[in-house]
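Chain residues, written in single-letter form:
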Amino acid sequence: MQAGGIKLSLGIYTMLFLVFLYAPMVVLAILSFQTGPEGGPQFPIIEWSTYWYRHLFGLTPPSRIAPLPINEALVRSLVLSVMTMVVSTVLGVTSAQAFRRRFTGSGIIFYLIVLGMMVPGVLVGLGMALVANALGIDRHWWGTAFVLHVVYTYPFAFLVMLAILNRFDQSVEEASWSLGVSPARTFRKVTFPLIFPGVLSAMLFAFTLSYDEFSRTLFASGRDLTLPLAIYGTFSVEVHPNVFAFGVLTTIFSFALLGVYAILMMLSIRRAKRIAIQEEA
Amino acid sequence: MSISATAADTKAVAKPVRRTSAKTVWLLAPGVVWMFLFLVTPILMMIYVSFWTQTTFKITPALTVQSWVTFFTTDTYLSALWTTVRIWLIVLASTLIVGYPAALYVGLFVKNKTVQTALLVLCVIPFWTSFLIRVLAWRPMLGKEGAINLILQGLGVIDHPIEVLLFSELSVIIGMTQIYCVFMVGPIAFMMGRIDQSVIEAAQDLGAGFWRIFRTIILPLTMPGVVVGAIFVSVMVLGEFATAAALSGRKVNLLGNIIVTQVGSLKWAFAAVVGVVLTVLMGIVVAALLRVVDLRKEL
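Heads up: the sequence lines are chains A and B, in that order. Residue 279 in the working numbering sits at position 277 of the first sequence; the count goes up by one each step and never skips. Residue 155 in the working numbering sits at position 148 of the second sequence; the count goes up by one each step and never skips.
In case anyone wonders, no lab produced these hints; they're calculated from the structure. If you're wondering where the values come from, they're calculated on a predicted model, not measured in any experiment. Any given hint could turn out to be false.
Taking lysine to aspartate or glutamate and the EDC-like style, the derived pairs with C-alpha atoms no more than 20 Å apart in a straight line are [as the list claims (entries may be wrong)]:
#  : chain 1 : residue 1 : chain 2 : residue 2
1  : B       : Lys-30    : A       : Glu-175
2  : B       : Lys-258   : A       : Glu-175
3  : B       : Lys-258   : B       : Asp-82
4  : A       : Lys-191   : A       : Glu-175
5  : A       : Lys-275   : A       : Asp-171
6  : B       : Lys-118   : B       : Glu-176
7  : A       : Lys-191   : A       : Asp-171
8  : A       : Lys-9     : B       : Asp-212
9  : B       : Lys-151   : A       : Glu-176
10 : B       : Lys-30    : A       : Glu-240
11 : A       : Lys-9     : B       : Asp-203
12 : B       : Lys-118   : B       : Glu-170
13 : A       : Lys-191   : A       : Glu-176
14 : B       : Lys-258   : B       : Glu-208
15 : B       : Lys-120   : B       : Asp-203
16 : B       : Lys-65    : A       : Glu-175
17 : B       : Lys-151   : A       : Glu-40
18 : B       : Lys-151   : B       : Glu-170
19 : A       : Lys-9     : B       : Glu-170
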């Protein structure tokens with residue numbers, strides 16, 4: 003039948019599409035096991051080895067290929083991501099909380115917040131550098147770059163929280179208030195457990211986006227490099243398989259993060275179910 | 008200037024809702040102030056500085072249109088503008104052509120919800136990994152001794168490696184298509200999922216073939232998804248410079264690359280001009296896309 007033929011060919015197409023999405027990363031992963039220091043970033047694999055991984059951690063004898071400057075950059079990137087995650091999640095939760103009530107001007111404020119994720123990094127980065135120059139402020143990754151990271155990730159946190167808050171039943175909170183529980187305690191004991199999956203997602207978004215963010219950081223961070231800036235630095239010079247090895251490790255780190263998220267999510271769902279069963283009994 | 012504007016705005020917000028007003032204002036204030044200080048102010052500053060006077064290594068706040076005149080009278084910059092528009096249009100088309108059939112299959116033909124979710128997750132996972140690494144991963148794929156050339160030579164399709172694959176406009180387009188097509192597939196697949204199956208079944212019962220159903224039902228109903236995807240892709244491609252820096256071997260200069268070079272040589276006022284041009288271009292593109300489909304009505 004005609005429809006069957008179309009379904010089959012679209013299915014094959016989708017498989018090819020996934021190959022297109024994943025092939026470069028697979029090739030990169032294979033080439034990261036090239037022998038060193040003489041093996042280049044291309045096929046054939048002269049000999050399988052973990053040389054470039056050891057090179058990354060400074061465990062190989064010195065060679066003409068300089069190690070990637072990632073030690074301090076890694077620490078900076080992690081600190082920056084955690085700072086961004088905390089601030090943008092707090093901002094996202096409070097703003098989304100405000101949006102549960104209708105108010106005039108909500109449309110404009112909504113667009114103002116969403117604008118943060120739409121405006122390209124190179125523009126805000128440039129603008130922030132100009133502001134800093136005009137005010138005579140030094141640019142640092144923990145200052146000018148940090149505030150831009152929040153501008154970028156806070157809209158994601160806000161949208162996630164908005165979606166979660168729109169779904170849950172307000173009468174639970176009202177019941178708590180009418181029983182004389184203080185608003186702060188209600189938030190801690192009733193609201194927060196309900197919105198926890200959203201908070202977790204917002205945190206994951208903020209952390210990952212900040213950890214990978216680079217165009218905003220480029221102009222706003224001054225002298226000290228973050229991890230993506232260190233990688234960007236290799237673009238202009240010859241690429242060696244040590245960058246590939248780093249790519250594999252950072253991808254594994256991203257997946258590990260996703261794994262932690264999945265586990266926490268599952269625990270929270272299981273807890274919610276257990277409470278529901280207790281209430282029924 | 009911007010701070011007083013914030014205060015005025017939040018006051019305007021507060022008035023109509025009497026009892027909850029104070030609380031709403033306090034909840035909103037941190038985020039709104041943050042966005043005004045660190046998003047609106049920098050953009051306004053960029054516009055302002057584009058009219059400053061540029062000397063060799065510094066800028067002075069004496070207003071002039073000199074940088075603007077330079078931009079619109081220099082071939083290098085005008086050709087960068089044209090390259091940006093051209094690459095944007097090509098990538099927009101290629102993400103749509105590459106992404107639409109996949110979204111069609113996942114959203115409409117896969118009936119099993121678990122398989123559908125798994126396929127969508129597979130499409131989104133690359134977005135989760137480092138952008139720069141994904142760009143860099145195309146180098147060993149496309150190079151003269153890269154995987155694609157090796158495979159094609161091994162199969163006997165070509166005798167000599169195709170050199171145009173890397174460090175050309177083509178490599179930039181291939182790289183951008185792979186990186187950004189996720190943003191096309193997502194919204195389109197979402198709209199596919201919302202199509203009422205009984206409409207398609209009714210059309211089938213009335214004897215419509217697949218192409219007729221596609222043209223008259225599926226395509227119009229997924230247009231909002233296409234527009235949302237196009238907005239995502241457009242905004243990201245227009246603001247790009249890293250892919251061109253990594254894969255074109257300095258042959259492709261987008262407006263973003265010009266900004267990076269100008270900042271590198273401390274030509275701040277000029278970089279600001281390019282930034283404003285880019286902002287205006289983006290505004291026009293997004294406004295035009297929103298004209299095509301009224302999103303509020305469709306979603």
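Could you tell me which of the hints above the structure violates, numbers in ascending order? 2, 6, 9, 10, 12, 14, 16 and 19
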